[in-house]
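Top to bottom, those sequences are chains A and B. For the first sequence, the working numbering assigns the number 330 to the last residue and increments by one with no breaks. For the second sequence, the working numbering assigns the number 340 to the last residue and increments by one with no breaks.
Hints listed in this document are in silico derivations from the structure and should not be mistaken for laboratory results. Treat the hints with care, as some may be off.
Unchecked claim - Chain A is faced by these chain B residues, among others (derived, beta-carbon under 7 angstroms):
(1) S51
(2) T197
(3) A225
Said to hold, decoys possible - Heads up, simulated BS3-like pairs for lysine-lysine below, C-alpha to C-alpha not over 25 angstroms straight-line:
(4) B:K41 / A:K207
(5) B:K68 / B:K41
(6) B:K99 / A:K207
(7) A:K101 / A:K141
(8) A:K77 / A:K207
(9) A:K93 / A:K141
Every residue gets a Cβ at the ideal spot worked out from N, C-alpha and C, and that includes glycine.
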Amino acid sequence: MTEGVDMIARPVLEVSDLNVRFPASRDWLGRPNSHVHAVNGVSLQVRRGGSLGIVGESGCGKSTLAQAIIGLAPYEKGRVAIAGQDLQAAQGKQKRELRQKMQIVFQDPQSSLDRRLPVWRLISEPLHIRGGHSSAELHAKAEQLAAAVGLRPEHLDRLPHEFSGGQRQRIAIARAMSTDPDLMVLDEPTSALDVSVQAQIVNLLLKLQRERGLTYLLISHDVALVRHFCDDVAVMYLGQIVESGPADAVLGNPRHPYTQTLLASAPSFETPLPTLAEVRIGELPNNRKLPTGCFYRERCSKAAGGCEAPQGLRRLDDGARQARCHLAQG
Amino acid sequence: MMTATVQSRGQALAIQNLSLEFPTFSGAIKALDNVSINVAKAEIVGIVGESGCGKSVTTMAATGLLPKGRYRITGGSVRLFGHSTLTMDESQLQDVRGKMVSTIFQEPMNALNPTIRIGKQLTDVIMRHEEASLSDARRIARDILADMLIGEPERVMKQYPFELSGGMRQRVLIAMAFSCNPGLIIADEPTTALDVTVQAVILRLIQNRARRTGTSVIFISHNVAVVSQLCDRLYVMYAGRIVEHGATRTVLDAPQHPYTQALLRCLPERVAPKQELEAITGAVPNLMQPPAGCYFQPRCKEAIDLCRSRSPQLAGAEGREVACWRRGVGLEIAEQGSRP
Ligand SMILES: Nc1ncnc2c1ncn2[C@@H]1O[C@H](COP(=O)(O)OP(=O)(O)OP(=O)(O)O)[C@@H](O)[C@H]1O
Ligand code: SF4
Ligand SMILES: [Mg+2]
């Protein structure tokens, strides 16, 4: 019995103290002597059937984090565990199996699908790679998945260029579901679509989650979408999580100064255009040489004594969320 | 002719019943059908609609920016500060662009010359249009960059476009657009590629400067929330037609046209988390063979027989019109029309 409880309680995805850096320049022996620090000590968990949104601006490390999680970007420090198993430590067949437990849907359905393959092959490709299925089985499976994402049977033999952006994204979703993954990573899945089509895809993803208990990690710059779509949210700045917790708490009543600025700038019907003082102009600092103390200090309107010390992610008094700012506590 | 001048006083741009098509081998793409847009002096006007609805073509046609010989105007007129742009030749148009109207596009990299320093590009534009000396032009450039919150204008003027971030480049272009004091600025999705914090700053900068100098602005966007924060009035386009227009708050708080209503309902912002969004079923019509009647009719939940045979015209009160057989004046006409 306890074993069963453990299975349920264990998060599908556990990331701890993950650091990803890329060589930015090399010395005469070809050894890297400076780095781009893309992800700087990220820890997060996603529970089965839940959804975590990662929000932040371009260059903050969201996509690198997603790639490290699915095993496309190597990391030197930290750990990624899927269903309790360490991805980077796994070898050979076990590693391939672990990778199949995660699937990703990209922003641009145009370039993420092989243009020469008919839809049924595209959808069943991950199963084909895994092996052990006859062509007829793959076709039958593709047909089921196509129906689940709202494609019609006659679509199965067509090529991807015959489809609109929204339909191509449906194909990408069906394909990602084909291996019954434990985790689906959605990297800006609707940003390239018109809003009316975006709504169709958002509805589809939420419906699939309700019906099949899918687990999502959503990467997005769209705060309104994350608020609508996710249970939990983590806000990233310069490769760190600066605030995380339940989406309604973090996005409804942000406590970290960066989250506050991000939300004040997000376009909205309900609020007027923010003043220049509220948004403050600033560029993301260079991530080759990380700042000392709080990473947000230079742009922060509340910066005061204490900010020159490194800031840890600390649990706030509401018990539900964490923030990386000594002033957020009060 | 007297009346035209009188009518256009106080008016920055008057597009009237503009229809335009792109001839292709497989037939003509009817990109614009009967589009009318008015922009008063010092007014900020938004055009919203989904990809391909004709937002860019409308303003590019009005300012002579469409590729010559590739399109056909099939009706209508355009008056820019009283001058008819549709009948101008290229040199007259060039004169108009820059003196009367400047356009800012989505991707600032394409609009800047990558091999010339920012300072020279700015002063060239200023000298061409303002007949200023080089030292005056440099001073104007410096002031306007500072006004765009560019920290060290002197340093930025010595840099090349690629050395600046996307947000900086876009601010340089806005500076360039304002530098010759045009009466009208057309901003075509100027912030779509930028982060929200940068976007908010840029919208503010455009708004502040336009208000201070009495410049009119046309702001084109697919993002209704952005338009709601910036614009005094807005036009909603669908498949090359204007379907609704009015004061921004009125249109957004009480949308009338079924398309505008659906467009607002499919946004997550006004819906409880995880609740189903109201997606618009189907797809936009093929502009080579648009449907008879109302172009929205194949996707419209309220369509009646009349919608399938006759196109609804914009109708309503001054400054607030809707093109739909099931609304306001359209409804009256529909009822009269159906009487024997
Ligand atoms: N040079 C051209 N040749 C042929 N068709 C064109 C040309 N330019 C635009 N079109 C067509 O005219 C229609 C209106 O296009 P337009 O670019 O104005 O749309 P838009 O509303 O600006 O869209 P977006 O939001 O994607 O910028 C579209 O069907 C488009 O494909
Ligand atoms: S005219 Fe008819 S089809 Fe068009 S929007 Fe109105 S009700 Fe719908
Ligand atoms: Mg456009």
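A quick look at each hint next to the structure:
The interface hint given for S51 of chain B is met, as the beta carbon of that residue sits about 5 angstroms from the closest beta carbon of chain A, less than 7 angstroms. Checking T197 of chain B against chain A: minimum C-beta separation of about 4 angstroms stays under 7 angstroms; hint holds. Using the Cβ-Cβ criterion of 7 angstroms, the hint placing A225 of chain B at the interface with chain A is satisfied: the shortest such distance is roughly 4 angstroms. Between K41 of chain B and K207 of chain A, the direct Cα distance comes to roughly 49 angstroms. Violation of the 25 angstroms bound is thereby established for this hinted pair.
With a C-alpha separation of about 29 angstroms, the suggested pair K68 of chain B and K41 of chain B falls outside the 25 angstroms cut-off, and the hint is violated. Of the pairs offered as hints, the one joining K99 of chain B and K207 of chain A is violated, with about 54 angstroms between alpha carbons and a cut-off of 25 angstroms exceeded. A hinted pair counts as satisfied when its Cα atoms are at most 25 angstroms apart, and K101 of chain A with K141 of chain A qualifies at roughly 17 angstroms. At most 25 angstroms may separate the alpha-carbon atoms for a hinted pair to count; K77 of chain A and K207 of chain A exceed this at roughly 37 angstroms.
For the suggested pair K93 of chain A and K141 of chain A, the alpha carbons sit about 23 angstroms apart, so the restraint of at most 25 angstroms is met.
Of the numbered hints given earlier, the model fails hints 4, 5, 6 and 8; all others are met.
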